[in-house]
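> Residue numbers (our numbering), protein chains in the order written: chain Y, 140 to 257; chain P, 140 to 257; chain X, 140 to 257; chain D, 140 to 257; chain L, 140 to 257; chain H, 140 to 257; chain F, 140 to 257; chain C, 140 to 257; chain W, 140 to 257; chain E, 140 to 257.
Don't read these hints as lab results, they were simulated from the structure.
There may be inaccurate statements among the hints.
[Unchecked claim] Beyond 10 Å from chain E on every Cβ pair, some chain P residues (computed): (1) Leu-148; (2) Phe-151; (3) Met-175; (4) Phe-181; (5) Thr-183; (6) Val-189; (7) Asp-191; (8) Lys-198; (9) Gln-205; (10) Asp-223; (11) Ala-227; (12) Gly-233; (13) Thr-241; (14) Pro-242.
[Unchecked claim] When the alpha-carbon atoms are kept at most 27 Å apart in a straight line, the in silico DSSO-like pairs for lysine-lysine are as follows: (15) F:Lys-157 x F:Lys-256; (16) H:Lys-256 x C:Lys-198; (17) C:Lys-198 x D:Lys-201; (18) Y:Lys-198 x W:Lys-201; (19) Y:Lys-256 x Y:Lys-198; (20) L:Lys-256 x Y:Lys-256; (21) F:Lys-256 x W:Lys-256; (22) X:Lys-201 x P:Lys-256; (23) F:Lys-201 x F:Lys-256; (24) P:Lys-198 x F:Lys-198; (25) W:Lys-198 x Y:Lys-201; (26) X:Lys-157 x X:Lys-256; (27) Y:Lys-201 x W:Lys-201; (28) F:Lys-256 x F:Lys-198; (29) L:Lys-201 x E:Lys-198; (30) D:Lys-198 x C:Lys-157; (31) X:Lys-198 x X:Lys-157; (32) H:Lys-198 x X:Lys-198; (33) Y:Lys-256 x L:Lys-157; (34) D:Lys-157 x D:Lys-198; (35) W:Lys-256 x W:Lys-198.
Don't be surprised by glycine CBs; every beta carbon is placed ideally from N, CA and C.
Protein chains: 10
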Amino acid sequence: MTKRTLNPLETFENPSPKRDYTIQHSAPEFTSRCPMTGQPDFGTVIIEYVPDRLCVELKSLKFYLQAFREEGIFYETLTNRILDELVAVLSPRGMQVRTEWTPRGGIHSTITAEYEKP
Amino acid sequence: MTKRTLNPLETFENPSPKRDYTIQHSAPEFTSRCPMTGQPDFGTVIIEYVPDRLCVELKSLKFYLQAFREEGIFYETLTNRILDELVAVLSPRGMQVRTEWTPRGGIHSTITAEYEKP
Amino acid sequence: MTKRTLNPLETFENPSPKRDYTIQHSAPEFTSRCPMTGQPDFGTVIIEYVPDRLCVELKSLKFYLQAFREEGIFYETLTNRILDELVAVLSPRGMQVRTEWTPRGGIHSTITAEYEKP
Amino acid sequence: MTKRTLNPLETFENPSPKRDYTIQHSAPEFTSRCPMTGQPDFGTVIIEYVPDRLCVELKSLKFYLQAFREEGIFYETLTNRILDELVAVLSPRGMQVRTEWTPRGGIHSTITAEYEKP
Amino acid sequence: MTKRTLNPLETFENPSPKRDYTIQHSAPEFTSRCPMTGQPDFGTVIIEYVPDRLCVELKSLKFYLQAFREEGIFYETLTNRILDELVAVLSPRGMQVRTEWTPRGGIHSTITAEYEKP
Amino acid sequence: MTKRTLNPLETFENPSPKRDYTIQHSAPEFTSRCPMTGQPDFGTVIIEYVPDRLCVELKSLKFYLQAFREEGIFYETLTNRILDELVAVLSPRGMQVRTEWTPRGGIHSTITAEYEKP
Amino acid sequence: MTKRTLNPLETFENPSPKRDYTIQHSAPEFTSRCPMTGQPDFGTVIIEYVPDRLCVELKSLKFYLQAFREEGIFYETLTNRILDELVAVLSPRGMQVRTEWTPRGGIHSTITAEYEKP
Amino acid sequence: MTKRTLNPLETFENPSPKRDYTIQHSAPEFTSRCPMTGQPDFGTVIIEYVPDRLCVELKSLKFYLQAFREEGIFYETLTNRILDELVAVLSPRGMQVRTEWTPRGGIHSTITAEYEKP
Amino acid sequence: MTKRTLNPLETFENPSPKRDYTIQHSAPEFTSRCPMTGQPDFGTVIIEYVPDRLCVELKSLKFYLQAFREEGIFYETLTNRILDELVAVLSPRGMQVRTEWTPRGGIHSTITAEYEKP
Amino acid sequence: MTKRTLNPLETFENPSPKRDYTIQHSAPEFTSRCPMTGQPDFGTVIIEYVPDRLCVELKSLKFYLQAFREEGIFYETLTNRILDELVAVLSPRGMQVRTEWTPRGGIHSTITAEYEKP
């Protein structure tokens with residue numbers, strides 16, 4: 140397993156900063172690796188946020204998610220890390236990250252983490 | 140890419156102005172263009188509002204939405220602009236505009252913006 | 140276009156007037172006419188209410204809805220009129236009327252109106 | 140039409156009486172008769188409750204529901220009667236009975252009644 | 140029917156203990172036995188929780204659920220027991236266990252129990 | 140269990156006897172009884188035929204199928220009997236009868252029998 | 140019940156007469172009347188054909204189908220009549236007409252008739 | 140892993156031996172064990188046959204399928220064995236056995252074997 | 140309405156020319172214009188072919204289909220033209236083009252044309 | 140992009156070599172890379188075959204498919220290569236390989252190749 144190359148998330152200015160509104164990006168083509176066995180994991184990453192000053196640019200988000208392809212990482216860690224890293228870059232008014240995984244050992248897992256601006 | 144021709148939104152009088160009730164128009168045949176690449180975007184525009192004095196006439200709404208066909212515009216900008224322009228014309232008691240897009244780079248996006256009369 | 144023949148809505152006594160409970164009747168075989176073009180419209184009428192002293196009899200409800208077959212009427216007007224006429228007959232504790240329409244000009248419309256006993 | 144033979148509902152002791160939790164039994168193979176025409180009605184009966192001291196035994200519930208097979212009864216009356224009779228036997232902390240019916244005259248009906256322990 | 144062999148549930152440290160977030164594991168390949176007839180029961184077990192210091196390890200959860208394969212147990216007892224045993228091991232901030240069963244005698248059952256940290 | 144009252148199947152003249160065409164009637168509200176246990180069975184009866192001189196009248200078909208309500212009869216016997224009785228009345232150019240049943244003991248059954256005019 | 144006003148079906152020249160290819164038009168907004176009771180019937184009319192020299196123009200097809208709105212007519216007669224009238228106008232290489240109806244008395248009907256050029 | 144207790148399949152006489160017709164029994168509540176790892180497998184067994192003199196009795200079929208619960212057996216072997224054993228008992232005119240399995244290692248398997256009377 | 144800019148379809152060599160195999164490309168984001176009214180049409184274009192020496196390159200196919208965006212063209216003409224132009228470029232062993240359209244005037248249309256190498 | 144490590148496909152003896160029967164393995168968790176852009180591709184690989192002397196072992200098939208993870212390869216080449224390599228190892232009586240891909244540039248592709256033993 141190799142280290143993830145850092146992909147800088149690019150942003151653009153929120154065109155309607157006066158209004159609270161919601162942006163959702165859903166990426167059903169996500170894959171990473173199990174940190175125990177090295178086996179590939181497959182899932183969907185759903186990011187929903189209320190932008191403040193910045194919106195995430197779609198293409199850089201695609202590359203950011205692709206960078207986990209060879210990363211060995213637990214579902215729970217991954218979900219919280221994506222939330223932390225996107226919050227750090229976008230400083231949104233609120234954000235939810237949800238990951239839904241194809242079954243392993245007959246069990247389907249879904250992890251949901253949220254951030255709200257204090 | 141050409142400029143959008145302005146299509147005047149036509150209205151008719153709300154037949155039940157004493158009652159708060161909800162009108163939803165969903166347009167799954169929407170297309171505009173990506174402002175970066177000029178490539179066509181395809182999506183569904185869902186408009187839901189509580190009318191005050193005026194309702195939007197369906198045929199003029201169709202032409203209004205068609206006028207974005209050659210417009211290069213971000214998902215986020217488009218959603219807020221449709222909300223702003225409809226609010227300006229209808230002055231509704233409340234309105235939500237939601238746009239759902241076919242995948243680009245494997246990512247499905249949905250933008251939701253709301254207005255409430257002060 | 141001809142005028143609608145009035146169909147008296149028949150009622151029966153609420154068998155459990157002490158309890159607030161909900162009755163929903165959904166009629167997917169509804170048709171009326173567009174008041175502008177005379178063209179047929181097709182939709183589903185969903186009536187949900189909390190009865191007070193009276194319940195609406197199902198067969199008379201069917202005939203009541205059929206009487207709109209040749210009526211030229213806007214979606215918004217129809218929805219509110221059905222609500223008003225059923226409230227007048229049943230005097231329910233609460234009622235919602237929702238009409239969902241097949242697409243016209245590529246646009247699907249849904250209208251929802253509610254009444255609550257003061 | 141014959142009279143319904145009374146089927147005693149059997150119960151067993153709630154294995155976790157300290158905790159509020161929910162039990163749902165859904166019976167899509169329900170049939171009774173229309174009290175006006177004698178014609179068979181077909182529907183689904185959904186019973187959801189928070190047990191107090193007693194739970195309903197599944198097999199006796201099946202026989203209880205089968206006993207309506209030749210009963211002529213309105214949707215509204217049936218729903219409230221099942222709720223009343225189950226409440227009388229189980230004395231639950233709360234209960235909802237919902238009946239969903241196949242279409243008659245093109246109209247689908249759903250009745251929902253609830254009980255909460257005072 | 141044989142006794143269930145105890146499968147120790149293994150845990151790992153919550154990677155984000157400062158944040159309340161939700162983990163759901165859904166196991167559609169669950170089977171146990173009816174305590175009355177010994178006949179096999181089939182269902183789905185859905186576990187959702189907000190971790191405190193510990194998360195349940197997925198493979199040990201699979202073995203834990205498999206250990207009910209020859210156990211004769213009521214739906215209601217099973218649901219509450221899984222909740223109790225997982226709460227004892229994980230001491231979560233909150234947890235819900237939901238079991239959904241294939242029909243028996245034409246009746247589908249669903250049991251839902253919740254725990255919240257005092 | 141009582142005996143089935145014979146319901147005479149009514150017919151009308153085929154309006155297009157020169158052409159081979161197909162008529163399908165599907166009745167999802169069918170119920171009979173298990174001949175072993177007397178327990179109710181629920182299923183869908185699908186009749187498809189190429190008429191010769193006669194078509195079956197829909198209302199009499201409904202009553203014909205309702206007459207099995209208290210009949211104790213195996214799936215296989217029922218399917219073949221409906222086929223035999225309809226062939227006797229209609230003398231069609233071809234006919235298929237298919238019965239699809241809700242699960243018993245976790246098993247879904249479907250029986251399909253065909254007749255072709257010699 | 141009134142007589143149907145004849146709507147002339149308009150045609151245009153087949154743009155590819157050298158090739159056998161298939162055109163399907165499906166009209167889910169069809170309504171006529173039961174010839175026995177005068178009650179409205181609702182269904183879907185599906186027309187599929189291999190054109191020879193002529194194709195049917197879509198708007199005139201819409202008006203043609205609307206003209207059955209007040210016609211009292213059996214399912215079987217209607218299906219064969221639409222086939223006969225379209226064959227008379229288009230003289231296609233082959234055609235199938237299929238009508239699928241909402242349930243009456245709990246029974247769903249589907250009629251399918253075909254024509255092949257001798 | 141224990142040995143499978145033999146469950147004698149019971150039969151009854153085909154009520155329509157003069158006609159070739161089809162009986163399908165689908166059992167979605169099937170479980171056996173992987174012969175390599177001893178882990179439980181879950182699947183659906185679909186049996187379809189044209190009876191000759193004998194039909195399989197449904198309850199004995201249920202017990203027959205349950206007897207594989209602790210058997211360690213490959214998908215391919217199981218499918219062929221069920222086909223062989225049912226053919227030996229029923230001597231049908233034809234039979235197909237199909238097994239569809241929940242995913243293992245992210246792969247869904249389906250095995251289909253057929254027998255035709257010489 | 141403007142003229143369509145010609146987009147050269149690019150090809151690459153069939154990697155397995157010895158074997159007959161099938162390639163399907165389905166494009167649900169297609170739009171053109173009605174030649175009568177100039178109104179936008181929306182549909183799905185499905186191309187399936189058995190390559191001979193050449194395969195169509197996916198990106199050039201996307202641009203080729205986009206070039207119809209402002210073209211006024213009948214469904215039937217469009218379907219046959221796409222088939223003709225692709226056959227001219229690829230000279231495949233066989234090809235089918237199918238276009239499925241969103242409803243106009245309540246009618247859904249589907250056109251299917253095929254080519255087989257002589 | 141790295142080279143694919145060769146994963147030896149393991150086999151076991153066909154338990155029923157006298158009978159022609161079908162084995163299908165469907166792997167929805169497949170990923171490789173576009174040979175032009177290096178971007179990840181996601182799809183489902185469906186393998187169906189009639190075994191002769193050998194069956195493919197499921198776990199080695201999983202590893203075989205995973206080995207394409209970093210391979211840059213066209214859809215058409217990949218499909219034919221999987222077919223060729225499996226035929227070389229298993230020498231089946233017949234085999235079909237089908238790959239279904241998530242959309243790229245709004246276009247969904249499906250490739251299907253077959254082999255039959257001479």
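> All the hints need checking, so say for each whether the structure fits it.
Checked hints:
1. The Cβ of Leu-148 of chain P lies farther than 10 Å from every Cβ of chain E, with a closest approach of about 30 Å, so its non-interface assignment holds.
2. For Phe-151 of chain P, the requirement that its beta carbon stay farther than 10 Å from each beta carbon of chain E is met, with the minimum near 37 Å.
3. Once the 10 Å rule is applied to beta carbons, Met-175 of chain P is consistent with being away from chain E; the minimum gap is 15 Å.
4. Interface exclusion of Phe-181 of chain P from chain E breaks down, the closest Cβ pair being 7 Å apart, not more than 10 Å.
5. The beta carbon of Thr-183 of chain P is kept farther than 10 Å from every beta carbon of chain E, the shortest such distance being approximately 15 Å.
6. Residue-level check passed: Val-189 of chain P sits 35 Å from the nearest beta carbon of chain E, beyond 10 Å.
7. No Cβ of chain E approaches the Cβ of Asp-191 of chain P within 10 Å, the least distance being about 39 Å, so the stated non-interface status holds.
8. Residue placement check: Lys-198 of chain P keeps its beta carbon more than 10 Å from all beta carbons of chain E (closest about 29 Å).
9. Even its closest Cβ contact with chain E, about 20 Å, leaves Gln-205 of chain P beyond 10 Å, as expected for a residue assigned away from the interface.
10. The Cβ of Asp-223 of chain P sits about 29 Å from the closest Cβ of chain E, beyond the 10 Å cut-off, so the non-interface label holds.
11. No Cβ of chain E approaches the Cβ of Ala-227 of chain P within 10 Å, the least distance being about 33 Å, so the stated non-interface status holds.
12. At roughly 34 Å, the least C-beta separation between Gly-233 of chain P and chain E is larger than 10 Å, which holds for a residue marked as non-interface.
13. With a least beta-carbon separation of about 6 Å from chain E, Thr-241 of chain P fails to lie farther than 10 Å from that chain, contradicting its non-interface assignment.
14. With a cut of 10 Å on Cβ distances, Pro-242 of chain P falls inside the contact zone with chain E, its closest approach being about 6 Å.
15. Between the alpha carbons of Lys-157 of chain F and Lys-256 of chain F the distance comes to roughly 16 Å, so the proposed pair stays at or under 27 Å and holds.
16. The suggested pairing of Lys-256 of chain H with Lys-198 of chain C is violated, with an alpha-carbon distance near 36 Å, which exceeds 27 Å.
17. For a cut-off of 27 Å, the pair hint linking Lys-198 of chain C to Lys-201 of chain D stands: about 19 Å separates their Cα positions.
18. The suggested pairing of Lys-198 of chain Y with Lys-201 of chain W holds, with an alpha-carbon distance near 19 Å, which does not exceed 27 Å.
19. For the hint pairing Lys-256 of chain Y with Lys-198 of chain Y, the CA-to-CA distance comes to about 25 Å; that is within 27 Å, so the pair holds.
20. Between Lys-256 of chain L and Lys-256 of chain Y the alpha-carbon distance is near 25 Å, which keeps this suggested pair within the 27 Å criterion.
21. Among the hinted pairs, Lys-256 of chain F with Lys-256 of chain W is consistent with the structure: their alpha-carbon atoms are about 25 Å apart, no more than 27 Å.
22. Proximity of Lys-201 of chain X to Lys-256 of chain P is assessed by CA-CA distance (about 39 Å); at most 27 Å being required, the pair is judged violated.
23. In summary, the hint linking Lys-201 of chain F to Lys-256 of chain F is supported, as the alpha carbons are separated by about 25 Å, within the 27 Å threshold.
24. Only pairs whose Cα atoms come within 27 Å are accepted, and Lys-198 of chain P paired with Lys-198 of chain F is accepted, the gap being roughly 18 Å.
25. Our distance criterion of 27 Å between C-alpha atoms is met by Lys-198 of chain W and Lys-201 of chain Y, whose separation comes to about 19 Å.
26. Restraint check for Lys-157 of chain X and Lys-256 of chain X: satisfied, since their Cα atoms lie roughly 16 Å apart, inside the 27 Å limit.
27. Proximity of Lys-201 of chain Y to Lys-201 of chain W is assessed by CA-CA distance (about 21 Å); at most 27 Å being required, the pair is judged to hold.
28. Between Lys-256 of chain F and Lys-198 of chain F, the direct Cα distance comes to roughly 25 Å. Compliance with the 27 Å bound is thereby established for this hinted pair.
29. With a C-alpha separation of about 19 Å, the suggested pair Lys-201 of chain L and Lys-198 of chain E falls inside the 27 Å cut-off, and the hint holds.
30. For the given pair, Lys-198 of chain D sits about 40 Å from Lys-157 of chain C by alpha-carbon distance, which is inconsistent with the 27 Å threshold.
31. Restraint check for Lys-198 of chain X and Lys-157 of chain X: satisfied, since their Cα atoms lie roughly 25 Å apart, inside the 27 Å limit.
32. For the hint pairing Lys-198 of chain H with Lys-198 of chain X, the CA-to-CA distance comes to about 18 Å; that is within 27 Å, so the pair holds.
33. Taking the CA atoms of Lys-256 of chain Y and Lys-157 of chain L, the gap is about 15 Å. The hint holds against a cut of 27 Å.
34. Pair hint Lys-157 of chain D plus Lys-198 of chain D holds up; C-alpha atoms about 25 Å apart against a cutoff of 27 Å.
35. A C-alpha spacing of about 25 Å is found between Lys-256 of chain W and Lys-198 of chain W, which places the hinted pair at or below 27 Å, so the restraint holds.
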